[in-house]
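> Listed in order, the protein sequences are those of chains A and B.
For the first sequence, position 97 (counting from the first letter as 1) is numbered 97 according to my numbering, and the numbering increases by one without interruption.
Just add 1000 to the spot in the second sequence (first one is 1) and you have my numbering.
Hints are not guaranteed to be accurate.
Within a straight-line C-alpha distance of at most 20 angstroms, the following computed SDA-like cross-link-like pairs (lysine to any residue) qualify [stated by the list, open to error]:
(1) A:K470 / B:I1024
(2) A:K488 / B:K1517
(3) A:K209 / A:V191
(4) A:K454 / B:R1244
(5) A:K110 / A:F152
(6) A:K376 / B:R1244
(7) A:K488 / B:I1069
(8) A:K205 / A:K110
(9) B:K1428 / B:D1490
(10) A:K454 / B:E1165
(11) A:K454 / A:I505
(12) A:K454 / B:E1167
(13) A:K488 / B:W1068
(14) B:K1530 / B:R1244
(15) A:K488 / B:S1553
(16) A:K470 / A:K488
(17) A:K470 / B:F1370
(18) A:K454 / B:W1068
(19) A:K376 / B:G1546
(20) B:K1566 / A:P193
(21) A:K205 / A:G215
(22) A:K376 / B:S1553
(23) A:K488 / B:N1071
(24) A:K470 / B:L1023
(25) A:K376 / B:S1561
(26) B:K1517 / B:W1437
(27) A:K110 / A:K488
(28) A:K376 / B:W1554
(29) A:K488 / B:R1070
The set of hints was computed from the structure by calculation and includes no laboratory data.
Residues per chain, in single letters:
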Amino acid sequence: MNHHLITLMVFLPFVGALIQAFLPTLGPKSDTTMNRWIALGASLAASLCGIVLVASMQAATAELQANEFLPWVGSYAISYDMGVDGLNILLVLLVAIIFPLLIAAEWNQKTGVRGMHALLLVLQSSLFGAVCAQDLFLLLFFWALSALPFYFLIGIWGGDRRETAAFRSIVAAAIGNVLFFGALVLVYYSVDPHTFSLRELAGGKLAGKTFQFLGYELSVSAVSFALISAGLALRAPIWPFHGWFTEAAEEAPPSVFVALSAVSVPVATYIFVRLSYSLFPETVAQCAQGIVIVGMINLIMGGLCAVAQRDLRTLLAFLCLGEVGLVLMGIGSLNSAGVVGSVFQVLVLGLGIAGFGLFSGLMSDRTGNSQFLNEKGGSSWGGIATQAPATALVAGVVTASLLGFPGLGGFVGHALLMIGSYTVHPAAVILSGAAILLATYYLLTMYRHVFLGKTTRESQAFTDLTIREKAYLLPIVGCLLIFGLYPKPLIELVRPTILTLLSTIK
Amino acid sequence: MLSGQILPGWLIIALVFMFFTGLICLTWGRRLPRNGDWLVGIGAIGLLTVAALASSSYFEDPSAPKTWIRNWIPPRGELGAVNVGILHDSLGLAIMALASGLAAISLTARRLLGNEVRPERLFAAAAFSTTGVVLSWVSVTPWLAFTGIAMSVFGGFIAMGTEWEHEPEAAIAARFARERIWGLALTLFGASILASNGAALNWAEQQAWAQDSANTFGAITLAIGLFVQLQPFPFLGWNVMASRSNPTGRIIYAQIYTALAAFAIFTRFDAQFRAVGVFPVLGWAALASSALTVLSGMLQTQWKMSLGMWISSAFALATAVLAFSGPWAAASLFIGTSLAGVAISLFGATLEGTGEAPRGSNQRATAAKFGAILAAAAGTGMVGFVVCGGSIRWLAGALDNPTLITASAFVLFIGALLAWKTVWMLVKEHPSTEAGWAAVLTPYLVTILSLGVIWNGTLTGGALPDTQDQVSTSALSAFFGQPAGTLNQDTFFSASWIHWGAFLLAIITAYWTTARKQNSWAALHGAAPKVSHFFASGYGIDRLTGRILFGLSWLGSAIQSAVETKTWGQWLPQGISWVIHRIARGTSVADTVLTRQLDLALRRGTEVPAKMLQMIQSGDVQWYLFFAVGSGIAILVHFLKF
Chain A
1 MNHHLITLMV FLPFVGALIQ AFLPTLGPKS DTTMNRWIAL GASLAASLCG
51 IVLVASMQAA TAELQANEFL PWVGSYAISY DMGVDGLNIL LVLLVAIIFP
101 LLIAAEWNQK TGVRGMHALL LVLQSSLFGA VCAQDLFLLL FFWALSALPF
151 YFLIGIWGGD RRETAAFRSI VAAAIGNVLF FGALVLVYYS VDPHTFSLRE
201 LAGGKLAGKT FQFLGYELSV SAVSFALISA GLALRAPIWP FHGWFTEAAE
251 EAPPSVFVAL SAVSVPVATY IFVRLSYSLF PETVAQCAQG IVIVGMINLI
301 MGGLCAVAQR DLRTLLAFLC LGEVGLVLMG IGSLNSAGVV GSVFQVLVLG
351 LGIAGFGLFS GLMSDRTGNS QFLNEKGGSS WGGIATQAPA TALVAGVVTA
401 SLLGFPGLGG FVGHALLMIG SYTVHPAAVI LSGAAILLAT YYLLTMYRHV
451 FLGKTTRESQ AFTDLTIREK AYLLPIVGCL LIFGLYPKPL IELVRPTILT
501 LLSTIK
Chain B
1001 MLSGQILPGW LIIALVFMFF TGLICLTWGR RLPRNGDWLV GIGAIGLLTV
1051 AALASSSYFE DPSAPKTWIR NWIPPRGELG AVNVGILHDS LGLAIMALAS
1101 GLAAISLTAR RLLGNEVRPE RLFAAAAFST TGVVLSWVSV TPWLAFTGIA
1151 MSVFGGFIAM GTEWEHEPEA AIAARFARER IWGLALTLFG ASILASNGAA
1201 LNWAEQQAWA QDSANTFGAI TLAIGLFVQL QPFPFLGWNV MASRSNPTGR
1251 IIYAQIYTAL AAFAIFTRFD AQFRAVGVFP VLGWAALASS ALTVLSGMLQ
1301 TQWKMSLGMW ISSAFALATA VLAFSGPWAA ASLFIGTSLA GVAISLFGAT
1351 LEGTGEAPRG SNQRATAAKF GAILAAAAGT GMVGFVVCGG SIRWLAGALD
1401 NPTLITASAF VLFIGALLAW KTVWMLVKEH PSTEAGWAAV LTPYLVTILS
1451 LGVIWNGTLT GGALPDTQDQ VSTSALSAFF GQPAGTLNQD TFFSASWIHW
1501 GAFLLAIITA YWTTARKQNS WAALHGAAPK VSHFFASGYG IDRLTGRILF
1551 GLSWLGSAIQ SAVETKTWGQ WLPQGISWVI HRIARGTSVA DTVLTRQLDL
1601 ALRRGTEVPA KMLQMIQSGD VQWYLFFAVG SGIAILVHFL KF
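Take the sequences, apply the hints, and build the full model.
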């Protein structure tokens, strides 16, 4: 199985980005068609590697697969250690599906298309790398790297207040990364011989380790867990540290916000699960209730704030905030159905949010803004279902999946999360049920104001999906349907790893 | 011959075909305006054929495997496993045949009606709703049935959206979707709780659920979610909103089919609901709900809304009957009233016709009116129809309990009154029709389907005790066994008296109040508009929900403003900026002072020796004198130490 697929998957987009950056425009100066195709080709090739990797994964084993190892900085035991197992394989699939679609969505970008595509490719590389890294230092390297493209993408191609949004996003990421780095150093020096290898650190190696700080004896596991959690909370986002996220939602180009909310946020939750379950099992067992409480706060605050939104993008941001809370509930359940549910939900949530985000992008493209309600609470658009039935259908499927409609991907994730969590945290599940009812209200209110009702002047000129738009939206709809109707193969890939990790905790 | 083993394959093919016909109608329907009904009709006939062939194979080979169960989400044996499967039983096949048959009939009738604005949406709704109902009734676990309910909700939404372009219609369609999905979410939530607690979610295995609090809570939530799909009080919701959509879409697909899909789970889980105590408690709630729904329906100004209320109240009543008397009587009521509702809505659509109907009556209108009256009679329990037997057996079972029998008789009476009032309204308001004879006569087929001989095998529909008029096997007994409770002559006749009393009194009262020149209900509405509006709008529940949602929106806005705009956008940056500026200014001041002091100290430190050296150099101070004075001081200091 190991044909350096992971390396190809990680570095092909990077090569594509280098080509974008250093090769001159091919053909006439204003014609960037060839460059676009190169960007799409690089992204698709990497995604193909990812999909082959997923397809060739062996089910019923918790072993790391497609492992690639190369010493990097020998004196500090830093290595290029990559591999996939049940915990990260769905994230590989998510990144593989989404990024080519984002490049296709930005096909007609008028300003600096090469730069934008190059940055998206760097982002794809770094996120693939962060997902597959089995070395703590390497993981932080890729994860920290992923913050930079966002800064430039928001700062250059964003809206009127792009500088502020970019600045806030990079500050949040930088603080998060510093906290992460602190944990990394602590973990590194607490084991002998010093190592960054996740496999060597796993299995409770940090249990009982302590260090002195200002005369106090502190647990390495607890402090590192707290630092990593806080670091990731700034990038996940977690309420109330989400201000940069909603601002990015307003200012970032739609495809960039999709990358942020549909890929970067799921990757942050993955890193949290990977590190906390494998490195700090005893701390996770102690803090499980705290994780669920944080999740519930996110869910409720996200839901309440979403009800008040009039803009598709901020609605999406708060929806994402709430859904992260649901995923945290599954992570804190420490129960196979709950954790498998949260891993699966991360995939379908990413797809759902990507679909919603791209849909909001095409609404912005056509109408110049993404406000679905005007100041008086009336419809800004309305009647689009008549003008553009395919758009209405795509948005309907995505919305239904986000609500957990049976037959779509969201249903499987939601059902597993609830089944797994109820026995452990019944109150949280009841709250999550209320949050889903609230989500039904605000998402259907949005749908009604955008697609149904009287056609306004703005929506009269609304055209239906072009072939290019269908090409990047229909794969998402297809995946949501397939994963909803036949989730078994994916769940069978995930379960053994989760069961192994849970056995360590228990 | 279709063997039992290959039934799931054929069934799945038929269902997928039906689903895709809906999708085709929805997406390309405008380009195929005259082909949509044919496509959906072929799908319906396909499903009907599979049901017929499977039934024959079922009767020929009863030993054939009856369930096909497959794991869907976690491993099959694990706690909370989500399995799906197909149940091959006579009840499921009968409802499958009924749903597909009704879809085919209503399509035929609709086509003959003519100028629907967006007919393709109705065709799509027919396809999705039928697929949903069939999925719901042939599934062996509730999970697949939920998918069926979801699909029928989607069908209903499409059906409600034939005139989405108009704001009020859009609002109704959106509310329909929201309320139904709320119900579905509650259902899923309840099922998930049950699954997490290890309760067997498979109705082929009729073992009782463990009686613990989690199961009771899960079962209650599941039952409430299902009850929402029936839409009686307090979930009247969109039902109280006037619309100009086609009655076929509003009543058949949006209301009856969704309820039919949900009722599958109620019926299949009868024993389980009883085991955890949901039944008969829910029965009382359903009975009260039915009464309140009827009272609200009495004050509706449109016959469509009035009919919708009657159907909802009848479904609530059927749920109560299920809780008190079991599935035999409940299914009689549910099937009978559903068919009557379909027939009345089709006759109503025929009478409403399209365009400017000429004043004065014509023969087709008379036939349609007679059909509507016959359907109302069938739905309220006339001799010969299935409701009659169900109602009498239910009342006979309730005779032991004075409170229950009084409440039941009252609800039966007001329910029948609402049905008759609705029909009188319909026939009075529509003197003529433009529809052709085929359209007028087709709904009679639906009424015929509710004959007792089809469902309980009796010519009178169960109006006689014992089986004096039994001419064929009772399908209902084949589905559920014999009706609950023993029926002796006395109890049967007592129950019959109550049934016929309520039936006749309802007809007379309805005629007296509605059919005569002055409509008393309309007069009441005019005399006390506020009170009347309160009842008709569903007892203010709607306004209360609206206020709660507005409050939540306000709260969300306030939280967002406090956290993002104020805290992160103003106070925190301003605070940090203030602290940084203060620190910077303080550092700057300290730096200035320190530099000045250092400068001063340096100057003072170097000034004295420099001056001295300068004096020595200039000759103002003799150098040897300087050393002599210095040596003297040194000697003095040395001796002073001792």
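> Hint by hint, work out which the structure violates, then give me just those numbers in ascending order.
Of the numbered hints, 2, 6, 8, 9, 11, 14, 15, 16, 17, 18, 20, 21, 26 and 27 do not hold.
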